[in-house]
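Residues per chain, in single letters:
There are 2 protein chains.
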Amino acid sequence: MRKYTEILKAISDEKRLRILRTLIKSKTGMCVCELMDTLGEQPYNISRNLKILQFLGLVEGRREGKWVVYSAVQSRDEFLKYVIKAIDSIPNEFFREDDLRMKLRLNLRQAGRCVYGVNSRAWNEAVKKIYKQIL
Amino acid sequence: MRKYTEILKAISDEKRLRILRTLIKSKTGMCVCELMDTLGEQPYNISRNLKILQFLGLVEGRREGKWVVYSAVQSRDEFLKYVIKAIDSIPNEFFREDDLRMKLRLNLRQAGRCVYGVNSRAWNEAVKKIYKQIL
DNA sequence: TTGTCATTTGCGCAATTATGCAAATGTAAA
DNA sequence: TTTACATTTGCATAATTGCGCAAATGACAA
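Protein sequence lines correspond, in order, to chains X and C. Residues 1 to 135 in the UniProt record's numbering are what the first sequence spells out, letter by letter. Residues 1 to 135 in the UniProt record's numbering are what the second sequence spells out, letter by letter.
Some hints could be false.
Pairs count within a copy or across copies, as identical chains cannot be separated in the list.
As the list claims (entries may be wrong) - Cut-off 25 Å, straight-line C-alpha distance, at most; resulting in silico cross-link-like pairs (DSS-like, lysine-lysine):
1) 27 to 66
2) 25 to 81
3) 66 to 51
4) 9 to 51
5) 9 to 25
6) 66 to 129
7) 66 to 25
8) 103 to 51
9) 9 to 85
10) 3 to 85
11) 25 to 51
12) 9 to 66
Hints in this document: simulated from the structure, not taken from any laboratory. If you're wondering where the values come from, they're calculated on a predicted model, not measured in any experiment.
Kindly generate the complete structure, drawing on both the sequences and the hints.
Given below as C-alpha cells:
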C-alpha cells in the first residue's frame, strides 16, 4: 500500500504537481532548464522533485547531450490512470501562467529541441513581450 | 489550487486513507468507536483525522446520541470523483483485514445502530472466533 | 446532580519533509 | 586539457506533520 500513498504524497506537493502536470501537457517532454524557466524554480528543486517522480514511475528521463529530457510516463495501471485524470480535472485557471510560459518556452526550440539554457536573453525577451501584450 | 493539494495530502496518509476507504465501503457510515475497533486505532487518531477529512469535504459527521456517525460524502466534483476512483482502484488485498474487521464490527449492530463501545466483550469474542477459524 | 461512556482538543515532543547553499558530476565545445 | 554550461547531490537548517498524554466537552442514565 506504501506505493500508493507515496504517489499521492508526491503529487500533493504543489511544485511536484506543477512539474508533473507541465510534463503531461507538454506531450513531448521537457528538459530541466525548460522546466526551470517555465515554473520559475531553482535547478535543485526541479531536479530533486523530478527524481522523486521518476522513482515512483510517474516520469522518466533520458539524457540528450548536455540536456536531460523528462517526460510523463503513460501508465497502464488503473490507479495511476485515475490519479492522472484527477490532476487533469483541476481547473486550468490555476495553471494559466504555467501553461503560457510553457508554450512560450517550447516556442524557442529549434528542430524540436531545446537550444537555450536557463534564463536566456531570448527567453527573457519573449516573456517581456508577452507580458507587455497582456497588461 | 491549495484545496486540491490538501485533499491529495490528506489521503496520502495511510491512516486517513484507511478511514476514508472504510467509510466508503461501509455505505451506511460508522461511528468513531466502530472505526477504532475496525482499524485498531486510538480515539484521538480517528477523531483528529476525521476532522481533517471533514474539513476538506470528504466526510461528514452527525451526532446520534452518545455516538458521532461519520460517512463519506458523495461528491459531484470531478476531481473528487477521480480521487475516489483512484482509491477504489487500490487492490483489495491491501485492506483485507480492515474489510474483515469492518464487516465483523457492523454485524454487532442492533437495528442498524452501534450498541457496543470500543473494545467490548462482544467485539473481542467475535474477533477471536473469526481469527481461530482462519488460522 | 453525579457518574459513565464517547468523542474532541490543547500541548509538547518526535519524526518527516522541504529548501538553500555549495560542491560534484556529466557533456560538449574551445 | 581547459572551459562553460546543465544537472545532480550531500549537508545543515527550517518548516511541517504526526502522535501520545491528559484534560475537556457532550450526551445520557442513575
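Hints, verified against the model:
no.: 1; hint: 27 to 66; in the structure: within (21 Å within a copy, 55 Å between copies)
no.: 2; hint: 25 to 81; in the structure: both (15 Å within a copy, 21 Å between copies)
no.: 3; hint: 66 to 51; in the structure: within (18 Å within a copy, 49 Å between copies)
no.: 4; hint: 9 to 51; in the structure: both (14 Å within a copy, 19 Å between copies)
no.: 5; hint: 9 to 25; in the structure: both (21 Å within a copy, 23 Å between copies)
no.: 6; hint: 66 to 129; in the structure: neither (28 Å within a copy, 65 Å between copies)
no.: 7; hint: 66 to 25; in the structure: within (23 Å within a copy, 51 Å between copies)
no.: 8; hint: 103 to 51; in the structure: within (24 Å within a copy, 41 Å between copies)
no.: 9; hint: 9 to 85; in the structure: both (16 Å within a copy, 17 Å between copies)
no.: 10; hint: 3 to 85; in the structure: both (18 Å within a copy, 17 Å between copies)
no.: 11; hint: 25 to 51; in the structure: within (19 Å within a copy, 35 Å between copies)
no.: 12; hint: 9 to 66; in the structure: neither (31 Å within a copy, 35 Å between copies)
Hint check: violations occur at hints 6 and 12; the rest are consistent with the structure.
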